[in-house]
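Visitor: Following my numbering, the numbering of the sequence shown begins with 1439 at its first residue and continues without gaps.
Keep in mind that the hints were calculated from the coordinates and are not lab data. Think of the CB as a built atom: it goes at the ideal place given N, C-alpha and C, for glycine as much as any other residue.
Here are the computed distance ranges between Cβ atoms for each label pair:
1) 2206 - 1529: 41 to 51 Å
2) 2319 - 2415: 20 to 30 Å
3) 1671 - 2298: 49 to 59 Å
4) 2280 - 2318: 35 to 45 Å
5) 1615 - 1766: 20 to 30 Å
6) 1675 - 2305: 55 to 65 Å
7) 2297 - 2318: 28 to 38 Å
8) 1498 - 1661: 57 to 67 Å
9) 1675 - 1591: 22 to 32 Å
10) 2318 - 2240: 32 to 42 Å
11) 2418 - 1682: 54 to 64 Å
12) 1723 - 1563: 30 to 40 Å
13) 1766 - 2209: 49 to 59 Å
14) 2240 - 2294: 15 to 25 Å
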Amino acid sequence: MMKRFSRRHRGGSDKPKSSIEVTEWLPKLLEQGIVEAKSLDSWSDPGIPSSVAAIGRGEKADGTALIVSFSPKSATEALLAGLSAAAYAVEKDQFAGQVIVVSPNWDSAARRLLSLLGRTAYALECIASPTLGAGRSVVQSEPPLRVLAASAGQLASRLSAAAARADFRRAALALEGLAAKHGGSVRVGLERIELVVLARRVAELRVKDGAAVLETQIGGRSTTSLAGTELAGAFDGLEGQIRRRLNDRKVRDGEEGLRGRVIAELSRGAELRALCPWPSPGTDLDVIDGVGLNAEGDAVVVAIREEVEWTSLAAIIAEMGPLATLLPTLFAENAPPIRLAEPRLLLVAERFGDGIERALAAFTLPYELRKVSDGVGAGLDVVSSGDGAQARPSARRGRRRGGRGRTGGSEEAKAEGSPRGPAAEVSEGSGESRTSRSSKLDGQSTGEGSTDAEESGRGRSRRRRRPRGERSDASEEAVAETSSGRDRDSGSGRARAERGPRKGATGAPRFEEVSLMDLEDGSGRSERSSRLDRPGDDDPDEPRPDGSGGRDRSRRGGRRGRRGGRGDASRGGNGNGGDGEGRSGSDGPTAQEVSAPEEADPDAVAEEDLVDADDLSEILARLADETSTFDGSDSSDESYEDAEEIDEDDVQSARRRDRDSRRRSQGEDSGDSDRVGRGRAAILVHGDRDSLLSAVLLARDIRQLEGLWIYPQAELMTFFRSIATDLRDDTPIFVIGFAPSPARDVIQASALYRGRLQWFGRQAWPPEDLVALREALGSKSVHGGEGIDSLLPLVLETCTRRSRFSDKLVDLATGRFTQHDFERWGRLWRWRAEEIANKSGDIRGDIADLLAGRPSDLAKEAALVEIPPVPPEVTWVAGRDFPLVHFGGHVMVVVDVDEDLDIQLCARIARERYSATLSLAHQTEEATFVFAGDEIGGKRALDYLAVADHLANKLEWVESRSDGDHVSRFHVRELERYPERQEEIIGEIAMGRSLLER
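Work the whole structure out from these sequences, hints included.
Guide: Structure representation (structure tokens):
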């Protein structure tokens, strides 16, 4: 049953194409006299697929070399294949003979294609032979010229009744709302209005029998008459179908999802203006994705595919034929310059079929090929481009990166292989737009460099830049290493290294990168950088109406880091003026600077240009949230977001947290790629105390909650089946404490929310389930799964805000609470957390006081209720004896904790019972150890995390675990098989006392 109704049997699009038998058709061409040749043999060297055309090579009676291309199905494919084969022959052996293209029928699209041919080194002859067709040849009518309707009101005016016209206008507005909500578009034709999402028509609105009719094209075709109250229900059902399609993983990760992502990124950038979706209605799946204008005013036709092969290329070129009549209507209201003479073609794909580039090189059609790269940001790299002036041998055109070139690094080859088309307007003007996009991805700043005031102007004087052509030896080696692939192709790497300083000009780079991951303010930066780079635009120094001059205030407000001097280590720098390696605000050379040293970085500041600043806001920059505290600061004056009371018992804890966070911040990366979303979030919690407290900390960090639900493991699918389906499309979802079980159902359900679902797991999952969940959600969206005693460190690593009460909650959960807090409110809420964990459903009301985070209010409530029972951990520790280890003035208690008890609290109680300063605890069925201790008065402090790092580095069977909550954890492999490893760990701790007492 599943095989019968699988996707392969639905549309038939996956059926393999039938091949053209070369040995059958070429002799038939000779026998019937269609091709006059002395010899004609099959030729497979050009790599033309047998399903596209039959290629033969021979010679005529007079010795003229001959190439024959034949297709019984498509004249367009036969022509493209013949041109590609001829270009291949020109490259190989300077072919200058005749090319004959044969097909039974030549439709209007194929005939229009002949008018675009340029000058060639060979003669071209096209032959139509209906006798070769299978059966009768049906003459097709010439399609009428396409005309676009001006508005939906023109279609509504066809209805005679006023109520029907009102319903039609309401339905048209509803389609526009769905298009805006789900990233689609609305096309207005002469007879219908179509809703297109991810390049596919999903619904259409038309007039039928004097009423508005909505036809749904997905989820099974259905037609609904829109009259009065039926309109709302019809569009609710349509939106449900759209949601299912957008959440379908095969659609999202397939070609349709790729087309939607790329066209959305192009529309946000500054490279193309007035970019609109393909306006011509009438097809279920769009052939062309969009039409826009480049900086010179040329119309650019954009087509996006996973793979551009021969059939899709033929369809794209055929669809461009009627475009000339639509351009005046599309761009009637756009500002000049506008040149609508000859549209350009921009093909974007992950793969290009062999010979595609050679076929396009034979036409006068301006084109550009871009490849979707797999690197950071999933950029678009130029594969090849042509200006369409004439048909040149394709050996001198740009080649695919990494390919084997024949032109080497000659200046002539580089001049003809430089990008033209949409990428040229940005790349030839300046590289700043590329830097502004890619610098946001890397989060790094450029290195030191002198500023050329004459070259950059006052508008850019606040940006550090390196003089063009000036590079250190290390930078030259880095350039050769990072860009070796593209430099081998175009020879541009050697040219850039040899080029000296110059003003007012930049070289044409080999490729242009367009980020697909920059979704926050990429369009704004691209527009600003492109506006500064394009000649003829406004001067960036021209005063603005607000008196801000040419400087961009928004960039200054977003600058991060401190003004470090050059190599000034006294400011907390690393010798390069930054806060640490890879930290934003660093003045050392970064990877982004090495790849583009002549381009300005928006985050670096030239100190000499701040002397004459208008106000302090020009000079002072807000410190980043991640910036570590100065060494000389008072550790007790921490910066928190909540102003709550602090007592004397908290001083030692605050000092420890400050010291640990300073040490941890030295190795942290300042990037934001792993941070949780900041929208109204939905949190699903497993029914246990640790998961609940972790969820409370996460909710306090997010602050905006759509809901917080708690369920046992057996009811995990209840959330995905009933609650998750009602959430908005942009709602972040956090799953805390659950295992992906039942694995098949849970992984399939969670895959629908890829990109907005974060999963935190405490237990050790089967490896196959962990791999499958990471593939379904993304590796950065799955935290844990290897086995850990608490989810707190995993959750805290994603939190970004600092709160004193959140720190108190962490201390309560990890057994580091003060006696003062535990007596006032900690004991009550620790017991309540256990009670709430046994509930099911939404628990926001139960934890409202914890979310508010006012210890005084919690203490008042605790004073009015009955004292909770004694924790079971107290009775358990009191009824057992534990081994003690004495070394160097320390006493360490070793605790093996039962599975259902809190390991942190048991260790705390055991230390108090034996007056021990240290404890080493682990649960009986697990191999994760917790090394902890009590705070010591005076200047001496104990570094528990350093001991765990030492054990992991020295013993190959010890693995470190996450310590985001400042708890020292490590995992011992195969502990059940080798129990003596516990004794070896105790010995290493005793001998490593110097690491502990730093």
